[in-house]
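Read off the chains here:
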Amino acid sequence: MKYILLLLTLFVFIFNCLPQKFSKLDLLGGYGYYEGFNIGAEYFQDSNKKSIIIGLGYGQFNNLKQKYIAITTGYNLSILRNQKNCINNYKWWLSNKIVLWQLEDDYYLWKAFSIIPAVKRNFILCNKIRISMDLGPSINIVLCNKRKTYKEVGWPYHVMPNCRIMLIIL
Amino acid sequence: MTKVYYILLILFSLIYSCQKIKYYPDKDYLEVTTMIIAHRGNGGNTSFQNNSIKGAEYGLMYADGIEVDIQLTKDRTIWLSHNAELPDCGGKSYDCFPEVYDYEIIELDSCNGIEKNYYKLEDIFILMSTTYPDKYITLDVKMWGPCAFTSVNVFGVMKVIADEIIKLTNKYNMHNKVMAESEVASFLIYLQDNSDGIETYLSAWGDFERAMQICLEGGFNGISFKYKFDEEIGVEHIQLIRKKGLKIQLWTINSEENIKEALSINPDFIQTDNLNYFLY
Numbered sequence: 001m002k003y004i005l006l007l008l009t010l011f012v013f014i015f016n017c018l019p020q021k022f023s024k025l026d027l028l029g030g031y032g033y034y035e036g037f038n039i040g041a042e043y044f045q046d047s048n049k050k051s052i053i054i055g056l057g058y059g060q061f062n063n064l065k066q067k068y069i070a071i072t073t074g075y076n077l078s079i080l081r082n083q084k085n086c087i088n089n090y091k092w093w094l095s096n097k098i099v100l101w102q103l104e105d106d107y108y109l110w111k112a113f114s115i116i117p118a119v120k121r122n123f124i125l126c127n128k129i130r131i132s133m134d135l136g137p138s139i140n141i142v143l144c145n146k147r148k149t150y151k152e153v154g155w156p157y158h159v160m161p162n163c164r165i166m167l168i169i170l
Numbered sequence: 001m002t003k004v005y006y007i008l009l010i011l012f013s014l015i016y017s018c019q020k021i022k023y024y025p026d027k028d029y030l031e032v033t034t035m036i037i038a039h040r041g042n043g044g045n046t047s048f049q050n051n052s053i054k055g056a057e058y059g060l061m062y063a064d065g066i067e068v069d070i071q072l073t074k075d076r077t078i079w080l081s082h083n084a085e086l087p088d089c090g091g092k093s094y095d096c097f098p099e100v101y102d103y104e105i106i107e108l109d110s111c112n113g114i115e116k117n118y119y120k121l122e123d124i125f126i127l128m129s130t131t132y133p134d135k136y137i138t139l140d141v142k143m144w145g146p147c148a149f150t151s152v153n154v155f156g157v158m159k160v161i162a163d164e165i166i167k168l169t170n171k172y173n174m175h176n177k178v179m180a181e182s183e184v185a186s187f188l189i190y191l192q193d194n195s196d197g198i199e200t201y202l203s204a205w206g207d208f209e210r211a212m213q214i215c216l217e218g219g220f221n222g223i224s225f226k227y228k229f230d231e232e233i234g235v236e237h238i239q240l241i242r243k244k245g246l247k248i249q250l251w252t253i254n255s256e257e258n259i260k261e262a263l264s265i266n267p268d269f270i271q272t273d274n275l276n277y278f279l280y
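Line by line, the protein sequences are chains A and B. Everything in the first sequence is counted per the working numbering, starting at 1 for the first residue and increasing by one. Everything in the second sequence is counted per the working numbering, starting at 1 for the first residue and increasing by one.
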């Protein structure tokens with residue numbers, strides 16, 4: 001059931017993004033307290049009103065190591081208004097992110113996926129550089145787990161807040 | 001002012017984002033002696049009917065407790081039966097327990113012949129409270145498919161079952177002797193939230209890890225685990241759940257080899273259809 005949900009969600013995401021004509025590519029890298037370090041590429045489409053980000057991440061918090069691949073679709077809030085087609089106008093975004101995780105601590109190895117709807121705000125530093133911050137709940141579903149030792153019992157939280165800050169180079 | 005909100009929001013996220021994994025605290029480790037539970041009351045003795053008074057009396061006499069399966073009628077009476085479905089008799093269809101009244105169960109019983117097939121849980125509670133007050137009873141509450149539209153609210157019916165179990169436990173002062181096992185976590189949560197002295201066990205056919213996590217999250221007393229079905233269980237599993245304050249029932253262990261193996265890992269309860277093994 002969990003795998004069906006994952007495949008269905010991935011299908012909806014990819015179906016939403018693939019038929020579009022890409023018009024612009026940004027490189028980005030950032031740090032999220034929940035996600036750790038991440039790098040990726042962001043493609044814009046439909047006159048910069050929509051975007052898709054494909055990213056990779058790695059993080060280590062205390063005894064927990066994590067790595068992931070993420071697909072994010074973004075929708076500019078100005079889509080509702082008749083604004084000039086200029087990227088600098090697009091500051092507020094809504095985004096949906098799917099993250100496929102591998103989490104590992106001293107006791108377990110988990111494979112999980114998260115759906116992270118978020119609100120994103122871009123801060124324009126100069127013509128070529130922006131800072132982006134997004135915030136939203138991470139809804140986590142464990143796909144499978146493997147126990148390494150019998151010393152502790154734990155499970156990933158089902159819902160966690162996620163906050164990320166990214167540096168974007170245009 | 002807006003900047004302050006941003007900063008507070010970020011701080012809140014940072015504080016609550018740092019723990020991805022929820023670890024459950026350790027409890028006092030208690031050594032236990034494994035108790036033997038006669039499965040379906042009679043513990044496999046075919047001289048007595050499953051889920052019957054005579055069978056239960058036999059089980060209570062020779063084991064530490066009994067396990068029975070229960071069903072509920074429209075009169076809110078709990079009867080002993082493994083299946084919710086009822087047979088047809090005398091050209092009449094009786095559908096299933098949630099769809100019939102008590103008089104129909106009695107009617108069906110007499111229609112089937114002289115032998116009595118259906119017994120009330122209350123009769124077992126009377127027997128235990130008067131003759132076997134130190135013995136245990138575990139009630140297996142199974143999920144069933146609704147047999148008619150009027151009983152489609154299965155979870156609602158299960159809450160009524162929980163209410164009736166609580167009433168009987170209070171009426172016959174059976175606190176700390178009654179256990180309920182079910183695969184339906186919402187039923188167990190309702191039962192434990194509304195009762196005192198009734199233990200709750202999550203039935204699991206495998207995936208020990210997930211069952212343990214659900215029990216810890218839901219605050220249940222333990223797991224009722226199908227032995228050697230989908231997953232092996234060893235002494236390390238038992239020690240781990242005991243360290244976390246949970247108990248474990250293993251079912252249904254019948255062969256001599258499996259009984260010896262199960263006893264060696266020291267679970268809290270073993271349900272068996274081979275009660276004879278422990279007698280001779």
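Please keep in mind that the hints were generated in silico from the structure rather than gathered at the bench. Since the structure is predicted, the reported quantities are computational estimates derived from the model, not experimental observations. There may be inaccurate statements among the hints.
Stated by the list, open to error - List time: in silico PhoX-like cross-link candidates among lysine-lysine, alpha-carbon distance up to 20 Å:
1) K148(A) <-> K243(B)
2) K148(A) <-> K244(B)
3) K135(B) <-> K92(B)
Unchecked claim - Each pair of labels, with its calculated beta carbon distance range:
4) K148(A) <-> E31(B): 43 to 49 Å
5) Q239(B) <-> K146(A): 30 to 36 Å
6) K116(B) <-> T149(A): 37 to 43 Å
7) T149(A) <-> N170(B): 41 to 47 Å
8) K151(A) <-> D207(B): 18 to 24 Å
9) G91(B) <-> K146(A): 54 to 60 Å
10) R147(A) <-> G218(B): 51 to 57 Å
Just so you know, even glycine gets a beta-carbon here, dropped at the ideal spot from N, CA and C.
Now for the hints, and whether the structure bears them out:
no., hint, in the structure
1, K148(A) <-> K243(B), "17 Å, holds"
2, K148(A) <-> K244(B), "18 Å, holds"
3, K135(B) <-> K92(B), "39 Å, violated"
4, K148(A) <-> E31(B): 43 to 49 Å, "27 Å, violated"
5, Q239(B) <-> K146(A): 30 to 36 Å, "19 Å, violated"
6, K116(B) <-> T149(A): 37 to 43 Å, "53 Å, violated"
7, T149(A) <-> N170(B): 41 to 47 Å, "43 Å, holds"
8, K151(A) <-> D207(B): 18 to 24 Å, "20 Å, holds"
9, G91(B) <-> K146(A): 54 to 60 Å, "57 Å, holds"
10, R147(A) <-> G218(B): 51 to 57 Å, "20 Å, violated"
Hints 3, 4, 5, 6 and 10 from the list above are not met by this structure, while the remaining hints are.
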